[in-house]
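Engineer: Listed below, chain by chain, are the residues.
There are 2 protein chains.
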Amino acid sequence: MRINLDGKWKFREVGQNEYYEASVPGCVQLDLINLGKLPDPFYATNEVLFYDLEEKDFEYVKEFDVDNVDFQVKKLVFEGIDTVSEIYLNDHYLGKTDNMFLKYEFDVSLALKKGKNILKVVLLSPIKEAERLKSIYQSSYSYPQRSWIRKSQYSYGWDWGPRILQIGIWKSVYLELHNGLEIQDEFVKVESISDELAIVRVFAKINCFEKPSEVEIELFDGSFSVKVFPEVYKSKDGYFIDERIEIENPKLWWPNGYGEPSLYEFKITAKTSNEAQEKKVTTGLRTVRVIKEKDEYGESFIFEINGKKIFAKGANWIPADSILPRLKEDDYKELIKMAKDANMNMLRVWGGGIYEYDWFYDECDKNGIMVWQDFMFACAIYPDEFDFFVENFIKEAEYQIKRLRNHPCIVLWCGNNENNWGFRDWWHIGDPEFLGNRIYKKVLPEILAKLDPTRPYHISSPYGGEHPNSEKAGDKHTWDIWAGWKDYIYYKHDNARFVSEFGFQAAAHLDTMKKYIPLKDQTIFSKTLRMHEKQEEGLERLIRYMAGSIGLPKDFDSFVYLSQFVQKEAIKLAVEHYRKNKFATAGALYWQLNDCWPVISWSSIDYLKRRKALYYESKRIFAKFLPVVEYEDGKLKVYIVSDELEPKQGKLNITIWNFDGQKLYEKNLTVEIPENSVVEAFSEKVENLNILKGEWLYIPKHVETAVIGDKIDRGLLESIVFVSLFVDRVEYENYFVFEKPINLELKPSQFEYRIEDDHIIIKPKTPAICLIIEADRDVENNFIFARPEKEYKINLNG
Amino acid sequence: MRINLDGKWKFREVGQNEYYEASVPGCVQLDLINLGKLPDPFYATNEVLFYDLEEKDFEYVKEFDVDNVDFQVKKLVFEGIDTVSEIYLNDHYLGKTDNMFLKYEFDVSLALKKGKNILKVVLLSPIKEAERLKSIYQSSYSYPQRSWIRKSQYSYGWDWGPRILQIGIWKSVYLELHNGLEIQDEFVKVESISDELAIVRVFAKINCFEKPSEVEIELFDGSFSVKVFPEVYKSKDGYFIDERIEIENPKLWWPNGYGEPSLYEFKITAKTSNEAQEKKVTTGLRTVRVIKEKDEYGESFIFEINGKKIFAKGANWIPADSILPRLKEDDYKELIKMAKDANMNMLRVWGGGIYEYDWFYDECDKNGIMVWQDFMFACAIYPDEFDFFVENFIKEAEYQIKRLRNHPCIVLWCGNNENNWGFRDWWHIGDPEFLGNRIYKKVLPEILAKLDPTRPYHISSPYGGEHPNSEKAGDKHTWDIWAGWKDYIYYKHDNARFVSEFGFQAAAHLDTMKKYIPLKDQTIFSKTLRMHEKQEEGLERLIRYMAGSIGLPKDFDSFVYLSQFVQKEAIKLAVEHYRKNKFATAGALYWQLNDCWPVISWSSIDYLKRRKALYYESKRIFAKFLPVVEYEDGKLKVYIVSDELEPKQGKLNITIWNFDGQKLYEKNLTVEIPENSVVEAFSEKVENLNILKGEWLYIPKHVETAVIGDKIDRGLLESIVFVSLFVDRVEYENYFVFEKPINLELKPSQFEYRIEDDHIIIKPKTPAICLIIEADRDVENNFIFARPEKEYKINLNG
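Going down the list, the sequences are from chains A and B.
90 is the number of the first residue of the first sequence in my numbering; add one for each residue after it.
90 is the number of the first residue of the second sequence in my numbering; add one for each residue after it.
Among the hints, a few may not be true.
As the list makes no split between identical chains, a pair holds if one copy fits it or if it spans any two.
Straight-line Cα separation of at most 20 Å, EDC-like style, residue types lysine to aspartate or glutamate; simulated pairs [stated by the list, open to error]:
| # | residue 1 | residue 2 |
| --- | --- | --- |
| 1 | LYS575 | ASP248 |
| 2 | LYS575 | GLU625 |
| 3 | LYS397 | GLU285 |
| 4 | LYS360 | GLU305 |
| 5 | LYS294 | ASP331 |
| 6 | LYS164 | GLU364 |
| 7 | LYS581 | ASP817 |
| 8 | LYS217 | ASP141 |
| 9 | LYS790 | ASP248 |
| 10 | LYS278 | ASP310 |
| 11 | LYS581 | GLU625 |
| 12 | LYS422 | ASP802 |
| 13 | LYS756 | GLU820 |
| 14 | LYS575 | ASP514 |
| 15 | LYS643 | ASP610 |
| 16 | LYS360 | ASP447 |
| 17 | LYS609 | GLU834 |
| 18 | LYS616 | GLU784 |
| 19 | LYS383 | ASP430 |
| 20 | LYS708 | GLU733 |
If you are wondering where the hints come from, they were derived from the structure by calculation, not from laboratory data.
Taking the hints into account, I'd like the entire structure generated from these sequences.
Structural biologist: Right under this line is the structure:
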């Protein structure tokens, strides 16, 4: 029997008299906001009002009644406490918590009373706790404060997130009362699959005082169900099942774009003479490995699902709120759906956030989104020289691996974010024995070998090759661009084997910006705006890249739009390059899908789930087919990237226009597109494209030691190329200009439009490199490169 | 007898018929401009019209008469030809030239005729010559084109200069006719100096066919002259003198700010039975060494002149025009005077330019400006694996060392600019045997040991320590700021032993910008403006630093002014830091003093010798006494840096104002200032300064992983500190604000002014961080931080 203790609690700051109403799951921050004692931390600069809470302690109290305490097992379960707390039931001290990522279970056989009970959780300042640990352990290394506490690292402030040190009971609390029967550690492992047959093994521990009288596995594929009665074994740890099940004509789980992400439900039921229990495992049938083979470039890093090479397309995922308990299942449904709609097939759960809510993995399972799962360490050295720290982490790892291992979406475990890169390049400590490496290199491989041998484990992101951030092997974070200020054209020089991070900032949706930045502060350098840009010199970078691409904004609105335009152009260029390089490069996950508050960041979807220009672009650049235009050696070329596992035929239309709207060139081709690769579909000297004018212009260009005038035919600066590829009656488009916008001889676009029901229909008369529709909600397509002759019919409801 | 062949010549492109008028010294570019065949290359984007000349060959012809050819020695002398040429006299082929930095002498005994002579110089394309050498020598290294030719490297385009490959007879041409008597290799070496006595040795070769009948040295100190009759020796190379001369109560040569740069003239006269010749050497009496001693930070790098440690203050020098023959003595007089007036004591002649005209060194001698003299190699690998290249360079080095070694201003020879840094960090080739190192590490030390053992030699700039750009030893180029995009506050972390380069860009003087940028292109991103910014992403950096310091410009004028303001603030901060660190840091030479054309660059003086904000600031930050204000650990401190060799007493006035013009605090102190060091003159907790308001503001600040709100008392953001130090009745001022302007609560400044004769008198009513006077010519002081109560009387004539 489970008695839920969520809902209304009361709380007070330790040392104060009065109690206030609290909610569980929740946190101090949220309760204070709900009480009106603190304002919305995301508005203006309100964030600063929350800093003081960090050093305070709070007491949470729940009174509850229990009618019946006549059970052999009585446990109080906390799904999650953030982070440091002491727990009392009816003044019995139950224990202490110090890990946000752990589920805590306390035996309350002695403390629990029939009738009224008082549960008290004293939440202690994580800052003070870190100081305490620091002074006890006296390391010779200076770990940052956040390293001492197993708490989401981003809450200490990140370069896209506010500093809000959430303190609270952030997940459910309940009593578990029963007589000993429990199904635990359930694990459905795929042993092999083929078109005809999948073999799985279903494992579970059956905790009970006597041998269970009946155990049943019911397998349900969505239409039909089959029952299996597994043998029950006994070991020194108790009873368990480990049943091999053959599934004929299995429906496999495929990543988005490659087929259906079919799921199977395994319901395990166990009975004893006086109890019955069931556990459901929803999982998919798929194999996964990372192909690491020596090749001419070094060593490959290619995800292979069900025997097929998959180019990973997607983004990095961060917690979707800085106040976690506000997140609901619908938020996850919506965000994962958006990732799917953007033709992504992989998200990386970044190590500075949280092991996500079940909702996240459920939705990824259902939508075919592969998950690269980091363990929660990021950008720091960690005190694993101390056993207390490692022991704490081992519990966390065991709990989380068991919790998550049945999700087919998870395709990789990864030790941490950027710490091994940091050892080498930031802290200059080579490849140390401790400082985190004990965990990444020893502890985790051992735990995973035991609890989940079905997935590859990767020491860190990035990792592989002689240098942790090598482009010869493993994955790479490409940050010389943006973080290193380099121009985004240098993405074209990146030969990473798998780009697990690269990114470019832009403001949030204009409406979001305006909602959270007071009108008077809607200027580019207001302190308020600058507080909504969390990267050191982030605003300077935004401006620098605008200046290098298109020019300076004239006002706040154009600042927002230009930032989004440049972000989209930069990431478009990068993804085109990476995909064209497949499988020398085998994945492109941009930093970052989402936001945890309203901020200027690298995200494509803002905090309010509003779409930035990059989101619209993502759909196109991540589509199954991508035509890419390049100007190489005096030739205009069109490449077609295919992620389709079958060969296909496509119809390719190429038109070239000047900005006055004259069509200068058109070509129609039938293209044979080989499966899962890249083909050059078109190549023609520019002389033959009717665009040259024989009139020379000079544009400033860097050559060797200086910027000199680079001679270019005026026609190239006045032209825009559109390609349109039809495969299976679906259109895949792209555009190309010969120079950055700042160098082009652009003209204002002319177009007609009309509204029809829920649609806007736009008819461009001249080409546009970016046509923006302003509407109260996000529309189906936006920030469009618009080709004359084409009618754009766009659903205004998204 | 010398017959000058300068003046009117004629020239034509090889292959063309018609000749046009030419000037020597001069160059093709200048002749074509003078003829009106090409426009001013510095206006708008005219530079691009000059690129075509690079691949062409030109023929220069001079007809001249010689009355008397009855001499034993007949030489045709070219002081400088740029660069590749073949020379014919009366159709006799005299030889080829291939080094711009060499003086060429041809024996014309056979070719010279009495009466009419025709001299022809065929100037060949340096580009084609490089290609020819490349294909002959077939190196496994890919040297840049410019490395093959001993020609000023900046002419190929530099990150502050246009690409104008000067081609021409850039220095004087003459016939030398005599009967064998020549005084050569004259060298006045200081052997020792004290207050009472200087001992010098005067060396010279006396070329002649018979032993000279009389040799005399006349020594003139400006007031008195003394004659010495040295012994004439004979060696296998001929006759020579090597006379030891004692000078009592010598007037020493001191760097600017340390005393007079006294000069002595040594006139050497030699006679034979039928000839007489004299040579004058003007030199100064001084010793120089670089103190390299191990200390707590590594190894010092301190210039010591006449036994005194000198903190080197100054800048880097580049050629003052991209068309060199336009430069005249007055240009050098003016520029070196400006350096002196800015309280500089050192200029570095950078290795990508030229060994300067004699005028330069003469003026540095006279003005007490020390010269760090690079050999002409910059930012490249050089083909010294080939003997032809090394032999060519040996001639160059021998010629230039002999030419320059009598100048007291030169205090250091340096092998090259940044090539050893490049080996390590840019081209990743460690410390190679060739690629330039043969010259820097073997050839040059040998030549200098022979020809000038009186000065230190430094392998490269930067060089010293384990890493060529180490901050532990040797000199350093601090480019992580600006080139590396880092914020300029990071100058404070630079513990270089000697900073031979660091810099920050700004636009030229507004008038200069407007003169060379057509009105329609006076926008921040016009292609024309961008062609006047030669650094890759230079404009982006300008904007980025403006954004980080004060905000974005609203128009072209404010772009120019803001750029200059930020440049001045950045270099002020750096120089204050470096000087306060004396002698752990022993020099600060900013990049760069001057310009070679109208450009946005790191210079403080623009091409038209107009002063940028930094120029005015340089006077102050390089002054003998510099009060520096710091806010450290909650205390406001004033340090006084002294470059005076005697202890002094000063009167220090400290006032603090708010931007409304209220004086919040004032303190007057008498300060004992020890010689040649730094003293803390004032330290007070801000609580005691009457500026705190107890009202807290938050400013965005980067802490660890994010930008968070940093709590700061509003009073600090509304205050400005002025310090005024009087020593020997001279005022030395400084100002300080607690944050960057973008974070301050600034208000528009209020002031009164009036004009009196040639002066403007300004009376500020409220403080200003930067008060700009717009006038048709440069005024005495500008870009002023203005303190109320003070009357600023500024000469409008500069």
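Engineer: So, for every hint listed, does it hold in this structure?
Structural biologist: The hints, checked one at a time:
1. In this assembly of identical chains, the alpha carbons of LYS575 and ASP248 lie at most 20 Å apart whether taken from the same copy (19 Å) or from different copies (17 Å).
2. Taking the shortest alpha-carbon separations for LYS575 and GLU625, both the intra-copy value of 16 Å and the inter-copy value of 10 Å come in at or below 20 Å.
3. For a Cα distance limit of 20 Å, the shortest separation of LYS397 from GLU285 inside one copy, 17 Å, qualifies, whereas the shortest one across copies, 91 Å, does not.
4. For the homomeric pair LYS360 and GLU305, the shortest alpha-carbon distance inside one copy (9 Å) is at most 20 Å, but the shortest distance between copies (123 Å) is not.
5. Proximity of LYS294 to ASP331 under the C-alpha cut-off of 20 Å is restricted to the intra-copy arrangement: shortest distance 9 Å within a copy versus 102 Å between copies.
6. Taking CA atoms no more than 20 Å apart as the test, LYS164 paired with GLU364 passes inside one copy only; the shortest distance there is 17 Å, against 118 Å between copies.
7. Taking the shortest alpha-carbon separations for LYS581 and ASP817, neither the intra-copy value of 30 Å nor the inter-copy value of 62 Å comes in at or below 20 Å.
8. For the homomeric pair LYS217 and ASP141, the shortest alpha-carbon distance inside one copy (13 Å) is at most 20 Å, but the shortest distance between copies (71 Å) is not.
9. When the C-alpha separation of LYS790 and ASP248 is checked against a cutoff of 20 Å, the pair qualifies only between copies, where the shortest distance is 12 Å, while the shortest distance within a copy is 32 Å.
10. Taking the closest pair of Cα atoms, LYS278 and ASP310 come within 20 Å of each other only inside a single copy of the chain (16 Å); across copies the shortest separation is 99 Å, beyond that limit.
11. In this assembly of identical chains, LYS581 and GLU625 lie within 20 Å of each other by CA distance solely across copies; the values are 17 Å between and 26 Å within a copy.
12. In this homomeric assembly, LYS422 and ASP802 never come within 20 Å of each other (Cα to Cα): the closest approach is 51 Å inside a single copy and 45 Å across copies.
13. For the homomeric pair LYS756 and GLU820, the shortest alpha-carbon distance inside one copy (16 Å) is at most 20 Å, but the shortest distance between copies (77 Å) is not.
14. With identical chains, the CA atoms of LYS575 and ASP514 are at most 20 Å apart both within one copy (18 Å) and between copies (17 Å).
15. Taking the shortest alpha-carbon separations for LYS643 and ASP610, both the intra-copy value of 15 Å and the inter-copy value of 18 Å come in at or below 20 Å.
16. When the C-alpha separation of LYS360 and ASP447 is checked against a cutoff of 20 Å, the pair qualifies neither within a copy, at 27 Å, nor between copies, at 104 Å.
17. Within a single copy, LYS609 and GLU834 get their C-alpha atoms only as close as 35 Å, which misses the 20 Å cut-off; across copies the closest is 16 Å, which meets it.
18. Taking the shortest alpha-carbon separations for LYS616 and GLU784, only the inter-copy value of 17 Å comes in at or below 20 Å, while the best intra-copy value is 48 Å.
19. For the homomeric pair LYS383 and ASP430, neither the shortest alpha-carbon distance inside one copy (35 Å) nor that between copies (65 Å) is at most 20 Å.
20. Taking the shortest alpha-carbon separations for LYS708 and GLU733, only the intra-copy value of 16 Å comes in at or below 20 Å, while the best inter-copy value is 69 Å.
The earlier numbered hints that this structure contradicts are 7, 12, 16 and 19.
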